[in-house]
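A.B. asks: Next come the chains, spelled out residue by residue.
2 protein chains.
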Amino acid sequence: MTRGLLIVFSGPSGVGKGTVRKEIFDTPSHSFEYSVSATTRAKREGEVDGVDYHFISREEFEKMIENGEMLEYAEYVGNYYGTPLKYVNETLDKGKDVFLEIEVKGALQVKEKAPDGVFIFLTPPDLAELRKRITGRGTDSPEVIEQRMQTAREEIEMMSLYDYAVVNDEVHHAAERVKNIIKSEHFRVNRVIGKYKEMLEEFSV
Amino acid sequence: MTRGLLIVFSGPSGVGKGTVRKEIFDTPSHSFEYSVSATTRAKREGEVDGVDYHFISREEFEKMIENGEMLEYAEYVGNYYGTPLKYVNETLDKGKDVFLEIEVKGALQVKEKAPDGVFIFLTPPDLAELRKRITGRGTDSPEVIEQRMQTAREEIEMMSLYDYAVVNDEVHHAAERVKNIIKSEHFRVNRVIGKYKEMLEEFSV
Numbered sequence: 035m036t037r038g039l040l041i042v043f044s045g046p047s048g049v050g051k052g053t054v055r056k057e058i059f060d061t062p063s064h065s066f067e068y069s070v071s072a073t074t075r076a077k078r079e080g081e082v083d084g085v086d087y088h089f090i091s092r093e094e095f096e097k098m099i100e101n102g103e104m105l106e107y108a109e110y111v112g113n114y115y116g117t118p119l120k121y122v123n124e125t126l127d128k129g130k131d132v133f134l135e136i137e138v139k140g141a142l143q144v145k146e147k148a149p150d151g152v153f154i155f156l157t158p159p160d161l162a163e164l165r166k167r168i169t170g171r172g173t174d175s176p177e178v179i180e181q182r183m184q185t186a187r188e189e190i191e192m193m194s195l196y197d198y199a200v201v202n203d204e205v206h207h208a209a210e211r212v213k214n215i216i217k218s219e220h221f222r223v224n225r226v227i228g229k230y231k232e233m234l235e236e237f238s239v
Numbered sequence: 035m036t037r038g039l040l041i042v043f044s045g046p047s048g049v050g051k052g053t054v055r056k057e058i059f060d061t062p063s064h065s066f067e068y069s070v071s072a073t074t075r076a077k078r079e080g081e082v083d084g085v086d087y088h089f090i091s092r093e094e095f096e097k098m099i100e101n102g103e104m105l106e107y108a109e110y111v112g113n114y115y116g117t118p119l120k121y122v123n124e125t126l127d128k129g130k131d132v133f134l135e136i137e138v139k140g141a142l143q144v145k146e147k148a149p150d151g152v153f154i155f156l157t158p159p160d161l162a163e164l165r166k167r168i169t170g171r172g173t174d175s176p177e178v179i180e181q182r183m184q185t186a187r188e189e190i191e192m193m194s195l196y197d198y199a200v201v202n203d204e205v206h207h208a209a210e211r212v213k214n215i216i217k218s219e220h221f222r223v224n225r226v227i228g229k230y231k232e233m234l235e236e237f238s239v
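Chains as they are written, first to last, in the numbering used here: chain D, 35 to 239; chain E, 35 to 239.
Check the hints yourself; a few may be wrong.
Identical chains share a label here; the pair holds if one copy fits it or two copies do between them.
Unchecked claim - Mimicking PhoX-like on lysine-lysine, the simulated pairs with C-alpha atoms at most 25 angstroms apart in a straight line are: (1) Lys130 x Lys217; (2) Lys56 x Lys217; (3) Lys97 x Lys229; (4) Lys130 x Lys77; (5) Lys77 x Lys217.
By construction, these hints were calculated from the structure, which means they are not laboratory data.
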């Protein structure tokens, strides 16, 4: 069986990854599985364990890191966020695509471990818009905001390590683009050539 | 202005490239220009000069080869087929995508000259189906048929030099896949990163 595609959806903080991801998964026609991240941060109002995140303790998280059970992880504002490896591998082995929505630092770890994944970077319409999104919450100190800006600059430079850059001008359009990319990636020659070579051998007998 | 994409649509003889290409261009929503090939073969019933092909003489064709005015060309069953370079470059410079439907040998020449093109290979549903298509015309000698088979085998091996392999199971589906691939290719990081780097520089001032 052909292994599923590992889709890594990422982008700067505040760009709207979660909103676009929800739009993608609200479409009945999608054919990939969402990998729920694990985190040590506190559950927020309305969040459901196992749906929004697997909420686990710092101790459990660090044990999973030690045992190599995290495909990627990062510490962000004092909390761990990561992708448990087991679910990802089991789903790919079933021939299903797995969709990860993760931070840039995590995506770079996945890139090292699984370079044949599809790496999609969500970008703001322009940087001024990104600044607005970063400062717009209005509850943070100038230092925190400047730190977020610097992170955003670095993250946009990291874009070069991705396969695709999708602009988040409108959530609906961004979601369509991502779904199209996933469809098209299934036709990449390096993903299907093996199947054709087998056919060719059968025919030559 | 961002230069257009050069889309190279190719595949084994008899796989149905022309039919899929027509379906693609029958959609009103496509946004790319078809590059009409030049040929020295005789015009067939119903074909229109400048629409199906530019019908030119052997002498004219060989002069264009000499002057480097062909992006690619091949001799096939005693006739030349080729892509005049001028139209392709002018259209790409306007920021429009150019769509070439050409034979495999020609596609490999384009690959050498324009490796950043999008190379799409149309494949038969399976090789038995391809054999049926090749022999199905029923008017050719076993030698001619065997020669076509050998060519098909070689062409499928050449698939590895392409970016995408699209199965021609149904014309409508194949056309949709090709259109999706073209859309998605516009979001490839190596095609857009320059624009983002400019934005970043502006912002840092």
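A.B. asks: If a hint holds in the structure, say so; if it does not, say that too.
C.D. replies: The hints, checked one at a time:
1. Lys130 x Lys217: both (13 angstroms within a copy, 24 angstroms between copies)
2. Lys56 x Lys217: Cα proximity of Lys56 and Lys217: in one copy and across copies (18 angstroms, 22 angstroms).
3. Lys97 x Lys229: Neither, since 40 angstroms and 43 angstroms both go past 25 angstroms.
4. Lys130 x Lys77: Answer is neither: 29 angstroms inside a copy and 49 angstroms across each miss the 25 angstroms cutoff.
5. Lys77 x Lys217: neither (34 angstroms within a copy, 39 angstroms between copies)
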